[in-house]
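Hints given; two lone chains; assemble the complex.
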Amino acid sequence: MNVFSDNWRAILTAFGITVEMTLIAGVIALVVGFLLAALRVSPIPLARGAAASYVRLIRNTPLLLIMLIFAFGLPELDFRPRFNLNKVFGVQDQSPLLNFDIFFLFATIALGMYTAAFVCEAVRSGVNSISIGQAEAARSIGMTFSQTVREVILPQAFRAVIPPLASIMIAMTKNSSLAAGVGVTEAAFLMRKLTNDNGDKVFLIFMGFAIGYIVLVAIISATASFLERKVGTA
Amino acid sequence: MAANVLFDAPGPNTRRRHLVYSVVFVVVILSALTWVGFKLKSAGQFEPRIFEDLFASNILKALFDGMLNTLKAAALAIVLSVVLGFLLAVGRLSDHRLVAVPCRWVIEFFRAVPLLLLIILIFGLLGGRGMETSTRGLISLVGGLMLYNGAVLAEVFRAGIGAVPKGQSEAAYAIGMRKTQVMNIVLVPQAVRIMLPTIISQCVVVLKDTSLGFIVAYGELLRETRLVAQFVNNNLWPYLLAALMYIVLNSIVSAVATYAQKRSAGRGSKSDTPAAVEGAGMETGRAGAAAV
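These protein sequences, in sequence, are chains A and B. In terms of the working numbering, the first sequence opens at residue 23 and continues consecutively. In terms of the working numbering, the second sequence opens at residue -6 and continues consecutively.
Isolated chain B, as found in the complex (with noise of 0.2 Å):
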């Protein structure tokens, strides 16, 4: 619904109002930043001195060493849990029941588990080899990351194949392909223009937990930021330095799966399309596939 259905366009003196209301808005936002700006001034949080820390080039490459690990991780995991749940949403869809229902239940277990489980499980199961910490962490972020997505994944693909129109499929069981075929040839090229932009848009998913590294002392980001924030005594602005740098990466992903968005829908020229991309997000269900 358009927000201009709930209100009129806003007469002479609705707009005074509206702008008493934006004034008074923007002084209590302003007092509250000046607020917090003398709390940061009192705390000695704007000494030059701690500025001069953090932009040194050496704590400047641990961060940008941090964020290409995240990158890596985030990379690895995405592909390996497209993987996954492409073979997950195979044995699904599967006719043959003995394949359908434990891949069901598979699918269903770790979207209900939490990753951070899943993390500790594998980081836990790979101790006592004598492993590297590193590896040992990458390898169980990667794995809890491919693990919990790629039943996220495998549960968007049902949606996006479900959401190609039925004639389609019977159209093609009609003209004698066999089943493989119907899904090969009809259902998955369609299927993959609905779901893209929900594919990218849980690679935004993959970027943010990569931060769960952290906990397994994996170096992607975080973990350098509070290395960061301990070698230079400041507790406030190596984070904020950190947040931004996972939205500015995080903007450019949803760039991306909006412009995907647009040119799946315009391509399509099919005035159902839009609805379809809808019905892909709203049919994963409600065991946690939301992307929070």
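Isolated chain A, as found in the complex (with noise of 0.2 Å):
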């Protein structure tokens, strides 16, 4: 029988799993990358530091290795946070996409602290990339640095950096494959199953879920040129 035509409600379910991820990992990866690239660029020596410092560590870390500190290492210090939406919408027929298991939680978390240290990395770049007598007519007219980054500088970094936080967010629902590793039931979890349960069929299944990713993949490409578009012309 044919594979896909068989499991396509777990395949949806799978892939669906791996949207959640990386729309919740995204969010964090933003917040928490836009934040360190402030403190990388801020006048105190300290908080400098210490954002270069976590860029320097995370960068050096396989992610595979994080998500595992995150999904085993945090549950030994009696760390256990579980959302099971399902109860909280009364659903009867128990939906793996409402239920966020501490595996789930920990391996997005993980991913998106992950790739925030490359954010970071990217917007500290972008604000590099804004010309100098930018910053120094800002200054010249008597505005603070607070008031320099957030009305002159960030504004126009914000146009330089789509592109590069697009091929970071790219990369990151790619990453989100090694969830798998801890267990989460996403995509790539999906096809190892199916993979060792159809050995004939590896191939064609290779190429659905394949597909299936690099449809993701154009997804946030497309919003991306649009963003691009939008921001530019403003």
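Derived from the structure by calculation, the hints contain no laboratory data. For every residue, glycine included, the Cβ atom is placed at its ideal position computed from N, Cα and C. There's no promise every hint is true.
To be verified - Far from chain A by the CB rule (all over 10 Å, computed), these chain B residues: (1) A25; (2) F57; (3) D58; (4) V72; (5) V75; (6) L77; (7) T126; (8) R186; (9) D202; (10) R219; (11) Y252; (12) A253.
Stated by the list, open to error - Restraint ranges, calculated between C-beta atoms of paired labels, are given here: (13) B:R42 - A:Q169: 54 to 62 Å; (14) B:S50 - A:K215: 34 to 42 Å; (15) B:A167 - A:G164: 49 to 57 Å; (16) A:N220 - B:W98: 23 to 31 Å; (17) B:F39 - A:A32: 42 to 50 Å; (18) A:S162 - B:F39: 40 to 48 Å; (19) A:R31 - B:P95: 29 to 37 Å.
Next up, the structure:
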């Protein structure tokens, strides 16, 4: 029988979990990444150093290891959050999409915190790409540091930063597949299960899942070019 | 932009204010660390028994073997992906569209697909042949890394060739060289210097990505760490130790990359070299080539 028509529900659910992870981790990565970038250009040496060390540590550690530390290490501290929205919404037929178990939560937080380091670097080089005269002009008409950054630098940096941020978000979508390693039942996890069960259709299954990921990547690319046009004309 | 354009050199008041911020910052960090420390202590994570178990010679040897396996997989993957990347880049730059277009598709496809999917694919294709588990894991890990990083490096090579000033190839054509000669004698030697730092920093990515061997049961550092964690019955310290090992390894590779960048920028003594390096990094485009 056809692997895809037999398992379409499971496949949709698995990609749904991938999308959930990507969205939540994306928000974490952008918020934390922008905060880190703010620390990295701030006047306080200690803040600059702290942000730089965070970026350095994270960039040199494999994501899967960070996920394992979060997923297996943190529960040792009796830190076990869990959100089962099935109960909140009173869903009878328990959907895995609404059941955020600790492995999902920790893998997602790990993915977000990991990606934040790269977002920080992209934003910082975006800030660096703004011509020096812009900051000088802002400073010379008496704007403070935070005014200069908020009113002059960031609006321009935002535009320069969209393409690199898009490639970071794309890489993050692909990296969400590593959550399979800590037992999150997302797309790569299901692909491994299906290839184990159907040894003769490995390549077919791979192509199906690859196309699924390529569609997600294409959506992010399209959103980025839309944003770029939008900010570009403003 | 130098950070010091954004703000004036701090005066005495500002310095005092920054000192207050710094003290608050340190206090917050220290109290967070103390809280984590108390949590760890109450969870029994500072029992001396744990460290006696963890630093036993057989455990350290297992981790060391894991590290050697990591390095082995990384070295194989880097060499193979440089070769594949070179071939793909040559194909991509070919004047024959019949060669260039398929090469471009192959590059785009392998860059867009998650590495883990490639590894699972090869692992699945190798199944049912009675192959030894560790060999099967190694081949699927190295194969996946080769396909993915080969495609990424192909774009790096292409961008590096593109970053050589146009006048170079124009001059070479003008004195009557053929395309192969222009490539081999003029463009490639200059491009290698431009892209060497990018290639070496890609090595850090490969070294980190060997951790995916975990999922196909190849005994690299992370897999061994998991086994050690189960053996000493502790889910925290073995991972932190492994993180330290990865950080040391990668810092060494990063330091080499920085050295190569300084050297290539210094030896060129052309003002455009650093910009060209930047360009080689930027032009690799958006399809997920960021070294994340």
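_Structure versus earlier hints, numbers of those that do not hold, lowest first_ = Violated: hints 9, 10, 18.
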